[in-house]
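> Here the protein sequences come in this chain order: L and E.
Residue numbering for the first sequence follows our numbering, beginning at 1 and increasing consecutively.
Residue numbering for the second sequence follows our numbering, beginning at 1001 and increasing consecutively.
Here are the simulated distance ranges between beta carbons:
no.	chain 1	residue 1	chain 2	residue 2	range
1	E	ARG1040	L	LYS38	21 to 27 Å
2	L	ASN238	E	TRP1335	44 to 50 Å
3	L	GLN228	E	ASP1193	26 to 32 Å
4	E	LYS1113	L	ARG37	42 to 48 Å
5	E	LYS1038	L	VAL12	20 to 26 Å
6	E	GLY1103	L	LYS256	56 to 62 Å
7	L	ASN175	E	ARG1040	29 to 35 Å
8	E	VAL1023	L	ILE129	47 to 53 Å
9	E	GLN1132	L	LYS176	52 to 58 Å
10	L	LYS167	E	ASN1224	55 to 61 Å
11	E	SER1122	L	GLU99	52 to 58 Å
12	E	LYS1115	L	ARG301	25 to 31 Å
13	L	ARG301	E	TYR1059	27 to 33 Å
Here are the simulated PhoX-like pairs of lysine-lysine, each with C-alpha atoms no more than 25 Å apart in a straight line:
no.	chain 1	residue 1	chain 2	residue 2
14	L	LYS150	E	LYS1047
15	L	LYS32	E	LYS1420
16	E	LYS1038	E	LYS1298
17	L	LYS96	L	LYS111
18	E	LYS1041	L	LYS111
Hints were generated in silico from the structure; no laboratory data involved.
For each residue, glycine too, the CB sits at the ideal point set by N, CA and C.
Take a look at the letters that make up each chain.
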Amino acid sequence: MIILTVEILLWVILALLVICFALILYLIIRRKVQERRKRAAKEYIEKTEGLWEAFLLEGGDFNEEQVPKNKSEIMAVEYIFLSYIQNMYNEEVSRKIGEFSNKYLLNYYEKELKGKNWGRRINALYKLIDFRLVELVPYIEGLSHKQKSKEEQFLLLKIYSIFNKDKFDQIILSNKYSFSEIEYKQIFSLLDESILLQLTNRLDEMQLNAQYALIDTVGYIGNIEFVQILEKLLDSKNSEIRIRSLKGIEKMGLVKNLELFLPFVTSPVWEERLMVAKVFLHVPLKFTLEHLMILLKDSNRQVRQQAASTFSNFPEAESVLNNDSLSPVLEDSLNVVQEMITRRL
Amino acid sequence: MMTNIVHGFMWFFGGIIFFYLIVVMAIYGSMLVFALLKIRKEYTLDKALLDEAHIDAFYSKPVSIIVPAYNEEVGVIDSVRSLLSLRYPEFEIIIVNDGSTDGTKQIVIDQFKMKPVDRFTSDEIKTKKVLQVYQSKIHPQCILIDKENGGKADALNVGINHSKYPYFCSIDGDSILEETSLLRVMKPIILSDGEVIAVGGNVRIANGIQMQLGSVLGMNLSKNYLVLMQVIEYLRAFLMGRIALSKFNLVLIISGAFSVFSKKWVIDAGGYAIGTIGEDMELIVKLHRLIYDRKAKKRIEFVPDPVCWTEAPQTMSILRKQRRRWHQGLLESLWKHKKMTLNPRYGGIGFISFPYFWFVECLGPLIELTGYVYIIAAYFMGSVYYEIALLLLLMFVIYGGIFSIFAVLFEAWSMNRYPKISDIFRMVLLSFTEMFWYRPITLFWRCEGIFNFLRKKSEWGKMERVGLASKEQQK
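All chains, full assembly: derive it from the sequences and hints.
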């Protein structure tokens, strides 16, 4: 029995060792191939960098020499294009990269998109966006929902947001897919402001994550046209929407109607009180003093700190501090304000 | 009669060790296959493309990086420099000097032109007294907190109290991050909308690293066999164990050398436990407990790609202290939360993680070491036992050697952090020798950790560091 087990184990070890050596051999060969490709790509870049500069920046035509003939040269072209996109992006550069890619790289990326390897498909989708491979869009539209991973679905939505706005609207409002807030932000921040405006009008139809991301994006862009929308959202039943709208308005720094904000001074949600204390930074102190005094006595430490910080930002804060009539309850908060003023000086 | 008893005894223990090794090999084998499948899916992915998508502050979350430092004058500057060169949109660096008796505080003040400041803090976690807070004039996002000595956990708690962002990253005072590490370790948190509350990165051994002003330029494998063996050991532990456990939210250990946490959850869990040896594991167990107690849909993950480089012990005596402490810390946490074991209230953590950590990670060294003693005894006891000894020896070859070789090859295929073929060969060859020297020695040290736990002996070992900068200068 034991001899039999020993024999089996010896065979197992032998088999594992054979697999190990096969893997080592494979790794050596793979590494050599990678090194050769890197060398070839480097040579291609050295040979053609002047031609690319002339084509992309100086309005010249492209030369036959630039057309990539193998995988190493495609890698080199990708490297060159991404460098230009990240460092010297303008509409003309983008158009020319798109023109070249649609003519010479389309087959390569189509093959990559059809491949079984998930990582390579994702890489190809990113390139499709960066290199504006519009002609591949109908192909990926044909892939069924089941065939796509969550990451692929996200990139697809991003692609629609750039190349097929109708389809984008249809998908985003259908709530067919669900993404994280950050992913929605990545998509929304690429949209034209007119489309953002349309979407904000249909906010209720979207998933909650998308709603939050849209409000944040609108605040981040900071266009004053959006202030009215954010002000309207201050009435929302969802406190998270109200907080984010306050945040967006604070970021824009535009307070048109102070009355809208006063209910938040006594809100049961501390984050709303914190945000309104921040909003008061953009309103003259004489209009907000009594409300700031309430916030300085708030039960939440962060709210008190923000109120103190807002208060100390106004030049007249010091004279207000010297007013003896202020309640002794405020002593601690006022000390904080005093400390902040001193530090600023 | 006596012969019969000895015979029965030898068969019984031989059977137990054999059965144990079979079970452990099956567990490690399945973890390896699992990790292989996961990494196979992602290894062709161009991660630089994904990094670009998160480099803007609008698409990420700000992080406070806490660097606890006790007598780290040799490594702390390189560590902070590596943090300053991180590609991350918004972060602050909080160096906490835990009452160092060397020049840690002064060297940080001098290097980063620190000046005393007042800073608002919370006292949500009780800590030892903070003596002074400093802020760098040249890097305003970098602050130094000088405090009374209270241990690493206390220093981290002070950092949490002083942090201003909702997530914090704990980094050892001698560790070096790659420039994209923070970006990549934060990805699960960012993309999960807060469902992930803690993430651990991959820790690699830095002895042999080429550095310039805190940035990693390249990798040369150390010539010290003890260090090299640890390199292999880390690869095996991180690539094989944690990837699989992470998938099912079963991770109980993410390295304190490099991990990110939700501040709110850590504060709710009471912060780092003072007076424990393995404060990093203790925190993870407490977080899991809190998740189950609150019935919250939260996760703790391990991400294999973001790498943190850390210095490994170069001598037997220091390594012995480290391993003894680690094992004692593991046992301490398991014992403290023993009620979670096989407790249905704690789901997978109670039914899979705890039994796994008890019987494979914690008590495994005792059984394995017995296996080694058994082989030697069987060799001297004569013919019948030769075969059992041979059987166990062959199992140790698979368990100790071949799994290590696979881990090395796995790394070379997927991550390729050690690009020289000669380095791969050296590691593969050394893996064959593991079961003859490194494995039995470390098993013995881990068993010492068990005895120290039973004797309630507390050992606050401090690793003597050569420092990465000094190696850099030697080149």
